Amino acid sequence: MSQTHQEEGRDRFVGLACILLTLAGWTIVPLLIKMFTDDVDPWTSNGWRYGFAALLWAPLVVVKLARGRLPVGLFRAALVPGLINAAAQVVFTMSFYKIDPGLVTFGLRVQIVAVTIGAAIMFPSERRVIRSPLFLLGVLLVIGGTLVTTAQSIGRGGEDGVAVDRTQQIIGILCAMGAGGGYAAYALAVRRCMSGFGAMESFAAISQYTAVAMIVLMLILGERSGLTALDMPAPRFGLFLLSAAIGIAAGHVLYYWSIGRLGVAVSTGVVQLQPFTVGVLSVVAFGERLAISQWFSGSIAVIGAIVMLVVQQTMRQRAPDTNTVEDGDDAFEEFPPDAVAAMATDDHDARAAS
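The sequence shown begins at 14 in our numbering and counts up one residue at a time.
One thing to keep in mind: the hints can contain errors.
[Stated by the list, open to error] Subject to a maximum C-alpha distance of 20 Å in a straight line, what follows is the list of computed SDA-like cross-link-like pairs (lysine to any residue): (1) Lys77 with Gly282; (2) Lys77 with Asp178; (3) Lys77 with Arg205; (4) Lys77 with Ile233; (5) Lys77 with Phe88; (6) Lys77 with Arg89; (7) Lys77 with Gly211; (8) Lys77 with Tyr222; (9) Lys77 with Leu87; (10) Lys77 with Gln221; (11) Lys77 with Ile259; (12) Lys77 with Ala100.
[As the list claims (entries may be wrong)] Label-pair distances were calculated between CB atoms; the ranges are: (13) Leu234 with Asp51: 15 to 25 Å; (14) Leu149 with Asp178: 35 to 45 Å; (15) Gly81 with Val225: 16 to 26 Å; (16) Val266 with Ala304: 33 to 43 Å; (17) Ile156 with Gly81: 43 to 53 Å; (18) Ile305 with Asp51: 23 to 33 Å.
If you are wondering where the hints come from, they were derived from the structure by calculation, not from laboratory data. On a predicted model such as this, the values are computed, not experimentally measured, just so you know. Idealized CB from N, CA, C, for every residue including glycine.
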């Protein structure tokens with residue numbers, strides 16, 4: 014039964030609220046991770062935060078298992094995405110110990126380019142999108158804008174003009190870009206491995222694997238095996254754990270809900286604004302200073318990402334009405350901008366087929 018105009022309007026309102034809350038949460042979390050760099054080392058940060066997030070997701074797994082409704086093969090399928098996510102999380106968190114949050118989030122824009130390269134290899138039907146001149150223009154804008162934005166930060170003074178270590182800055186930038194590449198691999202692994210499983214169950218299973226990896230690394234490499242986190246005052250420790258609840262648990266759910274109501278292009282397009290929201294608040298919180306030219310080049314990178322999303326979504330919508338499928342493919346495989354979009358797209362396709 015088709016939705017009434019009132020129901021559609023309500024869905025759009027809920028979707029808009031969800032994506033704005035997602036953007037707000039994913040703006041706050043990088044600032045919180047940076048704030049706690051003075052309290053804990055990166056291994057401890059990851060161990061506690063992902064361990065707590067896994068606890069939040071665990072009841073879903075337990076309930077499904079108790080009711081005999083846990084999909085067969087779920088944890089086997091989630092192993093590779095979980096390990097890739099763990100690797101990406103390591104370099105993501107490490108970057109905050111080297112550079113400021115605004116620069117980290119601009120560096121992460123390489124994710125969409127890395128996804129494009131991976132999709133061209135894994136999904137032959139995506140090559141039609143990648144050959145689009147407008148799409149290629151978007152790729153060039155992302156690459157050029159990101160490189161110019163990050164390169165201009167090397168050697169610039171930190172807060173209050175304090176001298177910075179160029180080597181540490183370069184390591185931080187490479188970590189941020191490496192995290193973008195890692196999250197791209199994670200998204201592609203989700204699309205490849207988790208097809209046919211529900212999004213919520215997939216999140217839960219992947220989180221358990223990632224948490225185990227993060228906790229093991231914390232026990233081995235963390236200062237006092239992660240016990241330094243307990244030295245924080247209770248309110249600060251609570252905020253530390255809250256950052257995990259916001260970014261890893263609530264943020265993913267809200268983002269998934271928004272995609273279901275607004276679509277991938279709109280939802281992921283809004284999330285592309287994260288570098289600006291983080292960058293502005295980082296000025297206040299940490300004295301991060303990006304030059305006007307960096308804001309401009311960063312804007313170019315974000316515009317390029319949005320162009321890529323729009324072109325890809327437009328061609329997906331046109332695909333059923335054309336007979337231009339190449340390379341023997343009989344379906345349009347949408348490349349996922351991120352792991353949540355991959356799960357949401359798979360859920361949508363499954364519902365449409367049923």
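Is it true that Val266 and Ala304 lie within 33 to 43 Å of each other by Cβ?
Given range 33 to 43 Å: holds, Cβ gap about 37 Å.
Compare the distance between the alpha carbons of Lys77 and Tyr222 with 20 Å, and conclude whether the hinted pair is satisfied.
holds (17 Å)
Does Arg89 lie within 20 Å of Lys77 when you go C-alpha to C-alpha?
holds (16 Å)
For the pair supplied as a hint, Lys77 and Gly282, confirm whether the alpha-carbon distance does not exceed 20 Å.
At roughly 33 Å apart (the allowed maximum being 20 Å), Gly282 and Lys77 break the hint.
C-beta pair Ile305, Asp51: status relative to the range 23 to 33 Å that was hinted:
holds (29 Å)
Straight-line Cα separation of Lys77 and Ile259 no greater than 20 Å?
This hinted pair is violated, its Cα atoms lying about 23 Å apart.
Proposed proximity, Ile233 with Lys77 (alpha carbon, max 20 Å)
Distance of about 33 Å is beyond 20 Å: violated.
Determine whether the Cβ-Cβ distance between Leu234 and Asp51 falls within the hinted range of 15 to 25 Å.
holds (18 Å)
Is the straight-line distance between the alpha-carbon of Lys77 and that of Arg205 20 Å or less?
violated (23 Å)
Verify the CB-CB distance for Ile156 and Gly81 against the hinted window 43 to 53 Å.
At 49 Å between Cβs, range holds.
Taking 35 to 45 Å as the stated bounds, is the beta-carbon spacing between Leu149 and Asp178 within them?
holds (37 Å)
Can the restraint linking Lys77 and Ala100 be considered satisfied, given a maximum Cα separation of 20 Å?
Status violated; Cα separation ~28 Å.
Of the numbered hints stated above, those contradicted by the structure are hints 1, 2, 3, 4, 11 and 12, listed in ascending order.
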